[in-house]
Amino acid sequence: MRRKKRYSPDQIYKPYFIVPAILLFTVFFIIPNVGTFFLGFTDWTTRDMLHPQFNGLENFRMMFQEKGVGLAFKNSIYFAVVTVLGKNFLGLLMALALNQGLKTKGYLRSVFFFPYVLSVLSVSVIFLAILNPRYGILNTMLRNVGLGSLAKEWLWDKRYAMNTVCAVSIWQQLGLHILIYLTGLQAIDKELYGAAMIDGANAWQKFKRITLPLLMPSVTINVTLSLVGGLKVFGEVFSLTNGGPGNATTVVAFKVYEIFGSGMLGYGAAVSMVFTVVISVISLAILYFLQKREVEL
Amino acid sequence: MRRKKIRKIIWEVIFILISLVYIIPVWMVFINSLKTRQEAKKFGLGLPQVFQFSNYAVVFREGGVLRALFNGLLVAGVSSLLIILVTSMAAFYISRSRRKLARFGYYYLLSGIFIPIAMIATYMVLFVLHLTNTYLGLILMFTTYCLPFSIFLYNGFIKMIPRELDEVAVIDGSTPLRLFFQVIFPLLKPATMTVLVINFLNIWNNVETQLFFASSTKWSMPMTLYRFYGVYMSDWHLVFADVIITTLPVLLLYIFAQRNLIDGLVMGAVKG
Numbered sequence: 001m002r003r004k005k006r007y008s009p010d011q012i013y014k015p016y017f018i019v020p021a022i023l024l025f026t027v028f029f030i031i032p033n034v035g036t037f038f039l040g041f042t043d044w045t046t047r048d049m050l051h052p053q054f055n056g057l058e059n060f061r062m063m064f065q066e067k068g069v070g071l072a073f074k075n076s077i078y079f080a081v082v083t084v085l086g087k088n089f090l091g092l093l094m095a096l097a098l099n100q101g102l103k104t105k106g107y108l109r110s111v112f113f114f115p116y117v118l119s120v121l122s123v124s125v126i127f128l129a130i131l132n133p134r135y136g137i138l139n140t141m142l143r144n145v146g147l148g149s150l151a152k153e154w155l156w157d158k159r160y161a162m163n164t165v166c167a168v169s170i171w172q173q174l175g176l177h178i179l180i181y182l183t184g185l186q187a188i189d190k191e192l193y194g195a196a197m198i199d200g201a202n203a204w205q206k207f208k209r210i211t212l213p214l215l216m217p218s219v220t221i222n223v224t225l226s227l228v229g230g231l232k233v234f235g236e237v238f239s240l241t242n243g244g245p246g247n248a249t250t251v252v253a254f255k256v257y258e259i260f261g262s263g264m265l266g267y268g269a270a271v272s273m274v275f276t277v278v279i280s281v282i283s284l285a286i287l288y289f290l291q292k293r294e295v296e297l
Numbered sequence: 001m002r003r004k005k006i007r008k009i010i011w012e013v014i015f016i017l018i019s020l021v022y023i024i025p026v027w028m029v030f031i032n033s034l035k036t037r038q039e040a041k042k043f044g045l046g047l048p049q050v051f052q053f054s055n056y057a058v059v060f061r062e063g064g065v066l067r068a069l070f071n072g073l074l075v076a077g078v079s080s081l082l083i084i085l086v087t088s089m090a091a092f093y094i095s096r097s098r099r100k101l102a103r104f105g106y107y108y109l110l111s112g113i114f115i116p117i118a119m120i121a122t123y124m125v126l127f128v129l130h131l132t133n134t135y136l137g138l139i140l141m142f143t144t145y146c147l148p149f150s151i152f153l154y155n156g157f158i159k160m161i162p163r164e165l166d167e168v169a170v171i172d173g174s175t176p177l178r179l180f181f182q183v184i185f186p187l188l189k190p191a192t193m194t195v196l197v198i199n200f201l202n203i204w205n206n207v208e209t210q211l212f213f214a215s216s217t218k219w220s221m222p223m224t225l226y227r228f229y230g231v232y233m234s235d236w237h238l239v240f241a242d243v244i245i246t247t248l249p250v251l252l253l254y255i256f257a258q259r260n261l262i263d264g265l266v267m268g269a270v271k272g
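Listed in order, the protein sequences are those of chains A and B. In case it helps, our numbering puts the first sequence at residues 1 to 297. In case it helps, our numbering puts the second sequence at residues 1 to 272.
These aren't lab readings, by the way, just hints derived from the structure by calculation. Treat the hints with care, as some may be off.
What the hints assert, rightly or not - The calculated lysine-lysine pairs, modelled on DSS-like cross-linking and capped at a C-alpha distance of 25 angstroms, are:
{"no.": "1", "chain 1": "A", "residue 1": "158", "chain 2": "A", "residue 2": "67"}
{"no.": "2", "chain 1": "B", "residue 1": "100", "chain 2": "A", "residue 2": "103"}
{"no.": "3", "chain 1": "B", "residue 1": "8", "chain 2": "A", "residue 2": "152"}
{"no.": "4", "chain 1": "A", "residue 1": "190", "chain 2": "A", "residue 2": "208"}
{"no.": "5", "chain 1": "A", "residue 1": "206", "chain 2": "A", "residue 2": "292"}
{"no.": "6", "chain 1": "A", "residue 1": "105", "chain 2": "B", "residue 2": "4"}
{"no.": "7", "chain 1": "B", "residue 1": "8", "chain 2": "A", "residue 2": "206"}
{"no.": "8", "chain 1": "A", "residue 1": "14", "chain 2": "B", "residue 2": "100"}
{"no.": "9", "chain 1": "A", "residue 1": "14", "chain 2": "B", "residue 2": "189"}
{"no.": "10", "chain 1": "B", "residue 1": "8", "chain 2": "A", "residue 2": "208"}
Use the sequences and the hints to build the structure in full.
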């Protein structure tokens, strides 16, 4: 007991342990983020890198006039909503089925999870082959089972491109969500189900009254992960459709990339400023909402 | 009991069928990478007439494979090691010190989990520091971007190590740095493995940062695969061979570190 008094924590835990992290984070993350809020109000271009001039709300006026930006926001949000629903609905369903003690669980776990470790670029190249309208295996299979009318130009038709990109993303990341739900399911006390059975509860009641409430922490994680990833989506669009056909799959991160390429950095900063605010507000609101539900249940 | 068994077998069959949605694409890539140009164009799932192992040699020559392998190992490797050093120490301070700096550091650094990267303004920072299109610039950026999640992971782990250990070590005359590297860090090994594998993979697979801030001579393998596809779009036999080649390093990592990887990703997420 005596020794605890002789050593205060300040003597053991020195600030220099955390300073490198804070320094790096400040220079390469915080300064750019704060800087965006200044540069968004300037005419900064790649031609004159070091002398951005203040130009008031000009960039924001442009943003509202250019239809593409509004559409990009709409597309990002659409992608996020569809993939959050797809990843969570399918992920939960598969986890519930997998949780019955299947013998092939180890095999399935490895197979479903594998695409998650691949680069989104590799996945896209593979799907560009699978979705090839003429010879790709998807359309070939549809034709072979007599569903030729369902064979579409998946990535090259405005009507289907966005949903196809969503589907590829779900295909790649489903494994992670299944595993998070499985971990959550395995943590639920089996005796609760025994008690419910004695009370005569049916399968749906058991799911609604026991499984779902106790699984809320996993739901929070999965929804937050897929939502934040979905709003920021870039790689899938860049590699599968390059924003096309037309602007059908141009999402915000891709729009920022296009503007960056054109050299209008001030304008790009303005777009990404709005983007940062939108993402932060949506993610924190959802997180707050879901965590509140966890407590209530 | 019997009905239950049958139900289980039905589920097994259903899931094996579902898993084909994942297996068939892999098979398609593999088997077509060994066909001729004309055969591979049809994406058939049957065996090639003659196995074309030479496809791999062509890709090896034309795809800049070794350069990309070197780039990836250098950038992802150095960044991952730097991340381990910086984040394990920071997390140790955050979870132990009762000073305001520790609390501030926690919220400050973890804000990066939600807030997106400001790509365009980052360009200004790199420009001013003369780091555009350099390995050092990439390494520092990746290290920064991996800080929030890694600190978060380490933090959960360090909390399980009793504080008394620190005090005993200091009484024995150990300095704070020796305490950390000789006593604490070895105990963090499972977390370190996870942080290493996950960050290595994320950096290796990164698209946006490499695309914005580095030219193709500094790209990692997945990026060069995409460029290769752009050039050899109609030579699917070669594109598929490149898919296999550029996937091999990740596949090896997956085979040897699957437990670390899966547990780490799931645990890291669950602890939030």
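Report task. Compare the distance between the alpha carbons of residue 14 of chain A and residue 189 of chain B with 25 angstroms, and conclude whether the hinted pair is satisfied. Result -> Distance ~22 angstroms between residue 14 of chain A and residue 189 of chain B Cα, so the pair holds.
Query raised in the report: If you draw a straight line from the CA of residue 190 of chain A to the CA of residue 208 of chain A, is it 25 angstroms or shorter?
Result: holds (15 angstroms)
Report task. Below or equal to 25 angstroms on CA atoms is what counts here, so check residue 8 of chain B against residue 208 of chain A. Result -> holds (23 angstroms)
Query - Straight-line alpha-carbon gap residue 158 of chain A to residue 67 of chain A, limit 25 angstroms - result: holds (17 angstroms)
**Report entry** Pairwise hint evaluation, residue 100 of chain B against residue 14 of chain A, where the allowed Cα distance is 25 angstroms at most
**Finding:** Between residue 14 of chain A and residue 100 of chain B the Cα gap is close to 13 angstroms, so the pair holds against 25 angstroms.
Query raised in the report: Is residue 105 of chain A within 25 angstroms of residue 4 of chain B, Cα to Cα?
Result: The hint holds at about 17 angstroms.
Query raised in the report: Is the hinted pair residue 8 of chain B and residue 206 of chain A satisfied, with a Cα-Cα distance of at most 25 angstroms?
Result: holds (19 angstroms)
Requested in this report: Take a quick look at whether residue 206 of chain A and residue 292 of chain A sit within 25 angstroms of each other, Cα to Cα.
Outcome: Judged against 25 angstroms, a Cα distance of about 22 angstroms means the pair holds.
Query - Proposed proximity, residue 152 of chain A with residue 8 of chain B (alpha carbon, max 25 angstroms) - result: Cα-Cα ~36 angstroms, so violated.
Query raised in the report: Straight-line Cα separation of residue 100 of chain B and residue 103 of chain A no greater than 25 angstroms?
Result: It is violated: about 51 angstroms lies between the C-alpha atoms, which goes past 25 angstroms.
Figure legend: structure checked against the earlier numbered hints; hints not met, in rising order: 2, 3.
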